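Student: All chains should be built: construct the whole structure from the sequences, respecting the hints.
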Amino acid sequence: MDELKEVIKNYVTDEYLEPDSDPIDYETPLISGGIVDSFSMVSLKRFLENKYQIQIPDEKATPEAFDSVNKIAELVKEFVKG
Amino acid sequence: MAYPNEVRKLYQDQLEALQAAGILKEERSIHSTQAAEIEVEFPAGAPLKKVINMCANNYLGLSSHPEVIKAAHEGLDRRGFGLSSVRFICGTQDIHRQLEEKVTEFLRTEDTILFPSCMDANAGVFEAILTKEDVIISDRLVHASLIDGIRLCSAMNDTYKHSDMDHLGQKLQMYQDKRLRLVVTDGVFSMDGDAAKLDRMVELCEKYNAMLLVDDSHATGFIGKTGRGTHEKFGVMGKVDVITTTFGKALGGATGGCVSGRKELVEMCRQKARPYLFSNTVAPMIIAGVLRVLEILSATTERRDKLEKNTDYWRKGLTEAGFILKEGDTPIVPIMLYNAKLAQDFSIALYDEGIYAIGFFFPVVPQGQARIRTQISAAHELHHLDKALEAFIKVGKKFDILHKTKQEIIDKYGL
Numbered sequence: 001m002d003e004l005k006e007v008i009k010n011y012v013t014d015e016y017l018e019p020d021s022d023p024i025d026y027e028t029p030l031i032s033g034g035i036v037d038s039f040s041m042v043s044l045k046r047f048l049e050n051k052y053q054i055q056i057p058d059e060k061a062t063p064e065a066f067d068s069v070n071k072i073a074e075l076v077k078e079f080v081k082g
Numbered sequence: 001m002a003y004p005n006e007v008r009k010l011y012q013d014q015l016e017a018l019q020a021a022g023i024l025k026e027e028r029s030i031h032s033t034q035a036a037e038i039e040v041e042f043p044a045g046a047p048l049k050k051v052i053n054m055c056a057n058n059y060l061g062l063s064s065h066p067e068v069i070k071a072a073h074e075g076l077d078r079r080g081f082g083l084s085s086v087r088f089i090c091g092t093q094d095i096h097r098q099l100e101e102k103v104t105e106f107l108r109t110e111d112t113i114l115f116p117s118c119m120d121a122n123a124g125v126f127e128a129i130l131t132k133e134d135v136i137i138s139d140r141l142v143h144a145s146l147i148d149g150i151r152l153c154s155a156m157n158d159t160y161k162h163s164d165m166d167h168l169g170q171k172l173q174m175y176q177d178k179r180l181r182l183v184v185t186d187g188v189f190s191m192d193g194d195a196a197k198l199d200r201m202v203e204l205c206e207k208y209n210a211m212l213l214v215d216d217s218h219a220t221g222f223i224g225k226t227g228r229g230t231h232e233k234f235g236v237m238g239k240v241d242v243i244t245t246t247f248g249k250a251l252g253g254a255t256g257g258c259v260s261g262r263k264e265l266v267e268m269c270r271q272k273a274r275p276y277l278f279s280n281t282v283a284p285m286i287i288a289g290v291l292r293v294l295e296i297l298s299a300t301t302e303r304r305d306k307l308e309k310n311t312d313y314w315r316k317g318l319t320e321a322g323f324i325l326k327e328g329d330t331p332i333v334p335i336m337l338y339n340a341k342l343a344q345d346f347s348i349a350l351y352d353e354g355i356y357a358i359g360f361f362f363p364v365v366p367q368g369q370a371r372i373r374t375q376i377s378a379a380h381e382l383h384h385l386d387k388a389l390e391a392f393i394k395v396g397k398k399f400d401i402l403h404k405t406k407q408e409i410i411d412k413y414g415l
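Listed in order, the protein sequences are those of chains H and D. Residue numbers for the first sequence follow the working numbering, beginning at 1 and rising by one. Residue numbers for the second sequence follow the working numbering, beginning at 1 and rising by one.
The set of hints was computed from the structure by calculation and includes no laboratory data. Being a predicted model, the structure only gives us computed values, none of them experimental. Some clues are possibly wrong.
Some chain H residues well away from chain D (every beta-carbon gap over 10 Å; in silico) [what the hints assert, rightly or not]:
1) 2
2) 4
3) 29
4) 31
5) 32
6) 34
7) 46
8) 54
9) 60
10) 62
11) 63
12) 65
13) 70
14) 71
15) 74
16) 75
No farther apart than 20 Å at their CA atoms in a straight line, the calculated lysine to aspartate or glutamate pairs in the DMTMM-like style are these [stated by the list, open to error]:
17) H:51 / D:158
18) D:406 / H:78
19) D:406 / H:18
20) D:132 / H:20
21) D:406 / H:20
22) D:132 / H:59
23) D:263 / H:58
24) D:341 / D:353
25) H:9 / D:308
26) D:178 / H:58
27) D:161 / H:58
28) D:161 / H:22
29) D:132 / H:49
30) H:60 / D:158
31) H:51 / D:177
32) D:326 / H:49
33) D:70 / D:295
34) D:326 / H:18
35) D:25 / D:345
36) D:161 / H:59
37) D:161 / H:15
38) D:178 / H:49
39) D:225 / D:329
40) D:161 / H:37
All residues carry an ideal CB built from backbone N, CA and C; glycine is no exception.
Tutor: Now the structure itself:
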């Protein structure tokens, strides 16, 4: 689980943060905190689907479900388990 | 009627919250035509004040040009005030098609379709040409109208870091499984004044088999050697698949916009773009005025050359005075202040000195990136720029921000 969270955190850091941004932790609000806009969220979803060979239905990929590394990890776990 | 007091209060509370946060927008009434010098009533009820305008999109000084006004009058006389119709019912006059042909010629594209505004062009184009089998990949700083248009379209959408070509390349690679890829950018970004790297973008689009759409609203008429736009500046004329642009800025500043590009894409807009199909045709006098603007710009580059000189003069003057500018070479010159309140106070102090320039802050620009955005015009004479510079220096000294680093300004005023 921690490995999964690290993967997500690293992706978010590389993909969305500017070089001079404050670092994020597992609880940092990503969408409500303005780090990831809902528009850019799609690449994160696609990255996770490709990496873990899963399909996250659009109705599950809500801004709330993607709002922190912890929440995203929970969501991914649900589908990896099948 | 169902507008009880609690509903009224709900909206009053929201507006008061905007005011308390200092982000309630107040309009200043101008009592003159648009020009380098304008007469302004601010605040409401105050006596009129003559100020130098440093924030209009009137890049070429054509908004009140006598020949453009004359042409608009003739258009009014010959073709009437309005058409009372959308284009496809009974709203297409000969001059509408003429303008579409002239814009095509000016931008060196294949075909053009007019819209009531570029906002409408951007709202309609994506849905008309893409489906859910496709993907749109846009720069993270594109204009709000492109974002709205993309949201209205069923295609998947993703973004790349501002002007980061490696990131764009990765995204294009990632979406090779999609039927069509459309890359979207502003030609010149309205808040930072930097230009998209269209030469690199065309290369990437060719490599990864993607179409390219550029909103050139802050470029058409003056960017590039003959003012055709960002595609001219980067030597890629004929290689940008879709250009959207406005007549509401450099090209006379009235209203109207267009989609110009590959003829099939333009025809798809004519058949399917909802803001085209369901809004009124552009008024004849606007069409006649813009036709005259294009004649003027096709005959001489005098105006865009003067704008370029003015821009160099202004950027050099501000830099030497010790302001921090966003780098670039376009007539959009942002002076960085970082703190929102400082940007507002700076704007008011400038107004007291007879200079009209507006502060921009979150959410219009990212948090901690507040600024005064100045826009240079060919209507400015050197004496206007000198007076403006003098005022900027006076106000800069008052707030003690000259020759200071970004960190020093932030330490003094906060973010």
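Student: Now look at each hint and say whether the structure bears it out.
Tutor: Tested hints:
1. 2: 26 Å, holds
2. 4: 20 Å, holds
3. 29: 14 Å, holds
4. 31: About 14 Å separates residue 31 of chain H from the closest Cβ of chain D, which puts it past 10 Å; holds.
5. 32: 14 Å, holds
6. 34: 7 Å, violated
7. 46: Non-interface label fails for residue 46 of chain H: nearest chain D Cβ at 7 Å, not farther than 10 Å.
8. 54: Since the minimum Cβ distance to chain D is about 16 Å, residue 54 of chain H lies beyond 10 Å and the statement holds.
9. 60: Given a closest Cβ separation of 16 Å, the condition holds.
10. 62: 16 Å, holds
11. 63: 14 Å, holds
12. 65: 18 Å, holds
13. 70: 24 Å, holds
14. 71: 21 Å, holds
15. 74: Given that every Cβ of chain D is farther than 10 Å from that of residue 74 of chain H, nearest at about 23 Å, it holds.
16. 75: The claim stands: residue 75 of chain H keeps its Cβ more than 10 Å from every Cβ of chain D (closest is about 19 Å).
17. H:51 / D:158: 18 Å, holds
18. D:406 / H:78: 46 Å, violated
19. D:406 / H:18: The hint holds at about 17 Å.
20. D:132 / H:20: 36 Å, violated
21. D:406 / H:20: Given pair residue 406 of chain D, residue 20 of chain H holds - Cα atoms ~13 Å apart, limit 20 Å.
22. D:132 / H:59: 16 Å, holds
23. D:263 / H:58: Outside the cut-off at roughly 35 Å; violated.
24. D:341 / D:353: Given pair residue 341 of chain D, residue 353 of chain D holds - Cα atoms ~19 Å apart, limit 20 Å.
25. H:9 / D:308: At roughly 45 Å apart (the allowed maximum being 20 Å), residue 308 of chain D and residue 9 of chain H break the hint.
26. D:178 / H:58: 17 Å, holds
27. D:161 / H:58: Violated. Residue 161 of chain D to residue 58 of chain H sits at ~24 Å, over the 20 Å cutoff.
28. D:161 / H:22: 17 Å, holds
29. D:132 / H:49: Answer holds: residue 132 of chain D to residue 49 of chain H is near 18 Å, not above 20 Å.
30. H:60 / D:158: 18 Å, holds
31. H:51 / D:177: 16 Å, holds
32. D:326 / H:49: 38 Å, violated
33. D:70 / D:295: Holds: residue 70 of chain D and residue 295 of chain D sit about 13 Å apart, inside 20 Å.
34. D:326 / H:18: 17 Å, holds
35. D:25 / D:345: 14 Å, holds
36. D:161 / H:59: Violated - the C-alpha atoms of residue 59 of chain H and residue 161 of chain D are around 26 Å apart, more than 20 Å.
37. D:161 / H:15: Since the Cα atoms of residue 161 of chain D and residue 15 of chain H sit roughly 8 Å apart, the hinted pair holds (cutoff 20 Å).
38. D:178 / H:49: 16 Å, holds
39. D:225 / D:329: Within the cut-off at roughly 13 Å; holds.
40. D:161 / H:37: At roughly 12 Å apart (the allowed maximum being 20 Å), residue 37 of chain H and residue 161 of chain D satisfy the hint.
Hint compliance for this structure: hints 6, 7, 18, 20, 23, 25, 27, 32 and 36 are broken, all remaining hints hold.
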